[in-house]
Structures are given as structure tokens and as C-alpha cells.
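Trainee: With the hints as extra help, turn the sequences into a complete structure.
Chain by chain, the residues run as shown.
Number of protein chains: 2
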Amino acid sequence: MHGGKRAAFVAVGSELLRADRLDTNSLLATRLLASCGYTFVEKRCVEDNLSAIGTAIRELLGRTELVVVSGGLGPTADDVTREAVSHEFGLELVRVAALEEALAARYQRLGRSLPEIARRMADVISGAEILPNPQGTAPGQLLATGNGLVLLLPGVPSEFETILRTHLLPRWRGQGGVLLRTLHLAGVYESQVEERVAPLYARFGRERVTILAARGRVDLLLQASGPQAAAELAEMEEAFLAVVGEDVFGYDEDTLPAAVLAHLRGRGWRVAVAESCTGGALASALVGVPGASDAFLGGVIAYDNCLKQQLLAVPAEVLERCGAVSGEVAEAMARGAQRLGAECGVGITGIAGPAGGSEEKPVGTVHMAVATPQLLRQAHLRFPGDRAMVRELAVNFALDLLRRAVEVP
Amino acid sequence: MHGGKRAAFVAVGSELLRADRLDTNSLLATRLLASCGYTFVEKRCVEDNLSAIGTAIRELLGRTELVVVSGGLGPTADDVTREAVSHEFGLELVRVAALEEALAARYQRLGRSLPEIARRMADVISGAEILPNPQGTAPGQLLATGNGLVLLLPGVPSEFETILRTHLLPRWRGQGGVLLRTLHLAGVYESQVEERVAPLYARFGRERVTILAARGRVDLLLQASGPQAAAELAEMEEAFLAVVGEDVFGYDEDTLPAAVLAHLRGRGWRVAVAESCTGGALASALVGVPGASDAFLGGVIAYDNCLKQQLLAVPAEVLERCGAVSGEVAEAMARGAQRLGAECGVGITGIAGPAGGSEEKPVGTVHMAVATPQLLRQAHLRFPGDRAMVRELAVNFALDLLRRAVEVP
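Those protein sequence lines, which keep their order, are chains S and X. Reading the first sequence from the start, the letters are residues 1 to 409 in my numbering. Reading the second sequence from the start, the letters are residues 1001 to 1409 in my numbering.
Honestly, the hints are just simulated from the structure, not real lab data. Among the hints, erroneous ones may be present.
Restricting the straight-line Cα-Cα distance to at most 20 Å, the calculated cross-link-like pairs of lysine to aspartate or glutamate (EDC-like) are [as the list claims (entries may be wrong)]:
(1) LYS5(S) <-> GLU65(S)
(2) LYS5(S) <-> GLU1015(X)
(3) LYS5(S) <-> GLU1232(X)
(4) LYS361(S) <-> GLU407(S)
(5) LYS1005(X) <-> GLU1065(X)
(6) LYS1361(X) <-> GLU1407(X)
(7) LYS361(S) <-> ASP386(S)
(8) LYS1005(X) <-> GLU1047(X)
(9) LYS1005(X) <-> GLU15(S)
Mentor: Listed below in C-alpha cells is the structure:
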């Protein structure tokens, strides 16, 4: 993915150096600025102090064309990013009256007066461009130095993203940037995807395709650059869809649970779940999507076998004969979920570990089934990994089994 | 938390600079090495190349006493951390015969021959101490330079942690390190904890107490150092327990779901859940704990009101009169969960947003109830934040309501 312009990231904040916090703005910057041709070659977290921030920017500008700095623009005494840049480059801070008035008005609306120390949010580095912040108080600032660009953005992720999207992407994308298209796949392993798309590398170039795997989902990142970028990207997408199309559940910002709910909604159907080893995680993934209620009814967490019988009418004889972890029980659970009052039902039963495995049914064995008004499908899987991984894989494979069953072809 | 020895972290790996990956070894190092008196003042991710790695180590050694380097010790051509350190400090790499033999034996057990390039895992920087890696192939290396210590560890988290715990913590903890004790609290807000512990600051020192809040949980980190550290820490713990003890659900590595299940087990009880807005997330948190089945029965995701009536016997009249989001319905759901066959039941109903709020019941309104053989308790909460945050707060507050109801006093 190299070959474009080099960028670096600095997350400012002593709290990001503790044992419980990670900077995530760098992921956002990496993803969004890739479409402008920037590749990040270094990331740092530094403390809230003048010399740490100044030194990091100086060192990184020597190696890259753009340094993105996140955080340290707020109203408290800890927030010293503006001052650090001013000091490092010998540029004055200029208090901008229009910004100061907007700040005072904002504080007044919240019933508070504007403290002197918070007025620093109206200070702009001499020569920097002001990047308005519609969601917060401190604006971003973009400074062109002899050595490259320094971009200062607030650390609050929503403000960070909004300023980047509103003020910089439209401008920078024009400049010979790289266009990206992500195909999201599920219900398939990375090695299978790799094998099927490999013949396309010769045609489009290996370096323009990235495969990312994440517990039951695989992303294919396609990229194109230059004057024909849009047309080339469309051609790539078509060629890749021809070989992996049936595994694709969405594009770019799409998520698997939202895609499943959209298909159900399109059919006018609802789904109910019956979960054993996943213990509510499948339902929780669906409920995580705003507005899930029009396509999600609810369900049963039949962790104990007695609930499989009692609430899902799984016959005791089937439990006895086939065992709780079996295709027969998964099917009966899916049918039982359907009978709760939904057009579709999903059943999952498996062994998440660490205990409970046997030679015949080792840890990672999962049976799942989907019932719709038109069909009944089941899958028998053997997942690798620990308890958390087996459960996450099971949720994603079950969502995808449902997606394939309800998708309008 | 400052005042000890300064440390820095370098995560090596181009994959850590992509949009989908974060280094997490630094969190582990920060937590474990705090007990040895080290405070991390900077973290970096750098690409797999000689000059990026060498430059980072050189720059950081100028500012800290210990630089921990994670990754780049494996068998592929990308793995060049050893070479980078050798080059940076002008120290030869020495191939150690005993390590090479152990490598060859390990590859042979896997039915493979040892490729030439993988033999580099037996290369040790001249003067460095070898830190054996019982879980993997490449050992760690500890190099004392005139300017401070450089610690090289494999990037695989389990290997990284094992070498740190086995070879370094026992040795470094002795050297006037800092002892840490974490009290985990739930069902309480950070500001309430702050208010109640503030009077203790004068006695023990403000800098020895850190409060961390995380969506329904609050951690109190206590620290002590010097020859009396253990006795002082015990005294601090006692004093803090006297003011916040009833909110404490566990210590150090304890988690809230595991603590709840342990209390239930102690009583010989099981719990069943009835979830609406949390949609299975409460059950999923409990099922995430290995061996949950002896204290967790299962439950119902009553997302649609019809399931509240059908599976939990919530009276239609109560739903009509009080609304689905009400204390009465939460109680009826808890009782309904109990009737599934468990000694205890939990009911949760609320408005996670973004839609569905009203003036009387705004987004974030959540009612929850716990029924045990001895009592029935309920709580009415108004949580801040978006859909994901409201749901996570609801899960943690409900787990804690259950914890308080089943704890043996």
C-alpha cells in the first residue's frame, strides 16, 4: 500500500499512556487519508507537555510530508498543543476575536461564563489556516512549514472525524489521491478468498489489493490512483465481484448486522434467535443497530437444556439421541425461534470451551441453522481459538448464514 | 502516577500502521512494569525497517531509562529488530549454538526443516542477556547500554507477557518498585467516588490514588513504594474500603460478570435474564466467563412486547397502563425470568436511542429489577451517551444490582 505521500501521527495526552487507554483517532486518520494518497509510517503517543509535543513534531516532519496531531486543543491547563507548535516553530499565537466571541456565546448558552484559560481556544498559530469545528469549541489548524504540513485536530473522535471529512478530504482527494473501495465478505476464510482472487493480481497489480481478516469477516481493499482512478476502480470491483460476489455482504462503511436487518426489512420479515454457546451475543449484535425492532423480534438464550425444551420445544428424545451440540438440535432451535412469532429463526449450539470438548466434538464445534418461510439451512463448523474467538466466529457465521438465506438474489 | 523511572515503548511492525490494527502489548507493559516503578512517557509504532527501529530506540533512550521494543524477532525477512539494534549500537550479532539446536529440534517436531533465514532467531546481540521464551521460538534480549536498558520482546502477546512475567518482574519488583492494588467498583458514578475518597487524600497523598471510570465501572488504583510499601498499601486499602467498600465488587484482575457468578455459586443459586434494550448483552457478558453454566440458566430477549407477555407472563394490563419502559414491567420481567427455573431473575427495559424517547421518558431511561428468593429490588436510571453507551451502562448496572442482591454480607 506504499508509494504515496508519507504521513505520521501524534496523539497528545498523558491519559493515552496509561494501561487502560488506546488512541483510536490514528485508525480513522489512516483510513480516511489513504484516499488522499497518504501512508502512515509512524505513530506516537506523547505526554501533555511543550517539549514532548514539539520534539515529536520536529522529528517526524524530518521524515514525512504531513504530521497529524490529535488532542491538546481543549480549555484546560493540560492542553498545550497550540503553545508547543508556536514555540517549536517560533510563530506567535494570535487571539482571533471572531472565535473568542463564538466561544463566549457557546458558554453562555450552557449558562456558564467563559474562563480566561478557555479563551486560549481562540488562539491561532500565526500563518495557520483555521478549520472550523461545527461540533465543538476548539477549531482545527493547518500549518504549512518549509518542511511539510502540520495538522492540529481536537482529540474528541467525532470532532476529529468531522473536521477531517468536512475541510480536508474534499480538498486533498482532488490532488492525485488514491480511491479506495472496500468489499466486505463473511462466511468464508481468508485463505479461500486469497485463492480465488489470486488470478486477478496479474491483471490489476498485487500492490493494489489488500486482504484483511477479522474473526468471520474478510475485507478486500481495492485501490486505484491517477486520472483514470474512478474507472479503474469500477473495473476492479466488477472483476472481484465476479469471483467472490456471493460472499460479499456490503461495501465501505456497511456492517454485517445492519446488512442482515436491511435484507429482512426488504422481505417484510422479522427474525427471532435461539442461542446456546453464543449466549445472547447474536441478538446483541442485531440490537446494536439503531431501529432494529422492525426486523428483530427477540429470542431465547437456551443455555441450559431445560430451556431448549421448555421455550423452544426441542424434543427431549432428539437431545438425548443426538446430543445438545448437533445439527438436529440446531434445526429444532431455529424452528422453535420461528414459532415465537417471526418469519425467520436462527439456532446456534456449540462448545466454546475451554472445557466441554470431546474427541468426537472438540472445543470449537458449532452447529447452526436458519429457518425462513422458504427454506431450512444448517452449517457445521469447527472454529479455532479461545472461548471469546469461538463465540465471535459463531455470531458472524450465523449472521452470514441468515444473510444468504434472506438476500433477494 | 509519575515520579518513578521513565520508560518508553516501541511497537515494531508495518501491520500496526494500518487502519485496522492497534498495538496492545504497550498496555500490558504499562500495567506490569508500573509495579516495578516504571512510568511510560512515550509510545511509538514504527515500520519494519532498520533505520526506523534504530532511530526510535536512539531518540527514546535519550529521554528514558528503559525502552521496551515489541516485535520484529520472528523468522521472516521482515523481522529486523535484532539487526537494527546491532547496527545502531555497533554491536555484533552472535549466533548461539544452543539456541540454534533448540530451534532445529522445534521445527523437526513440527515436521519441518529449519530454513536458513529462521536461524537468525538464534542470533544474540553481543553483550545482551538471553531471556528464554518457553512458549515460542525467538527469545527476548535485554541489553544494558551506557544510556539505559533496551528490552527486546516477541510481538505475540502471550510470549511478550510470559517473558516479562517470568524473567523480569520478579527481578525488577525487588528494586524499590511500586506496589499497586486496584479496587473495582460498580453501580456508582466517578464523581460520587471522588467525593467520598477525597478526605483520604491528605492522609495518603493525592498522587498515590488514581480514579479511572469506564461505563458503569470505576477503578481505584492505590500505590505505595519504599521499604514499607506492603504495609502502607494494606493500610490504604482498609481506609478506602471503609468509605467505598459496599461498591467494591473485586480486586486487581477480577471482572464483574465473574464476581457475580462466584456469588451465585456460593449461594447455590442460578440466574436467568429477561432483556429488552440490552438485547442479550447481559447474558453474553455472563456466558463470556468460562464455566458459567453452573450459575447461569439462560433467558429471554423480549425485544418485542409480545415476547414479554408470551414467555415472561408480563400482564398486558401492566404493559398498557405503565408502558413497556417502567419499573412495573422490569419487575414483572425479573419475576418471569425467575419462573423459567432459576432462583434469581433479572429484568431490563429501557430506551437506548437514538429514537424512541419522549419528554417523560427520554433516551437513556432504563428500568431494571432483580428478584431472588429473599428480595425484589429495582432501579430507575437515566444514562447519558449514545445507543452503545446506554446499553453498556445498563449491562454493568444490572450486573451490579444483581451482585449486591446475592452477595453474602
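Trainee: Would you mind marking each hint as holding or not holding in the structure?
Mentor: Hint check results:
For the hint linking LYS5(S) to GLU65(S), the alpha-carbon distance of about 7 Å falls within 20 Å, and the restraint holds. Between the alpha carbons of LYS5(S) and GLU1015(X) the distance comes to roughly 18 Å, so the proposed pair stays at or under 20 Å and holds. The hinted pair formed by LYS5(S) and GLU1232(X) fails the criterion: a straight-line CA distance of about 54 Å is larger than 20 Å. Taking the CA atoms of LYS361(S) and GLU407(S), the gap is about 32 Å. The hint is violated against a cut of 20 Å.
A hinted pair counts as satisfied when its Cα atoms are at most 20 Å apart, and LYS1005(X) with GLU1065(X) qualifies at roughly 7 Å. Restraint check for LYS1361(X) and GLU1407(X): the C-alpha separation of about 32 Å exceeds 20 Å, so the hint is violated. A threshold of 20 Å between alpha carbons decides the hint, and for LYS361(S) with ASP386(S) the separation of about 15 Å falls inside it, so the pair holds. Straight-line distance between C-alpha atoms of LYS1005(X) and GLU1047(X) comes to about 27 Å, which puts the hinted pair past the 20 Å bound.
A distance of roughly 18 Å separates the Cα atoms of LYS1005(X) and GLU15(S); the hinted pair therefore holds under the 20 Å criterion.
Of the numbered hints stated above, those contradicted by the structure are hints 3, 4, 6, 8, listed in ascending order.
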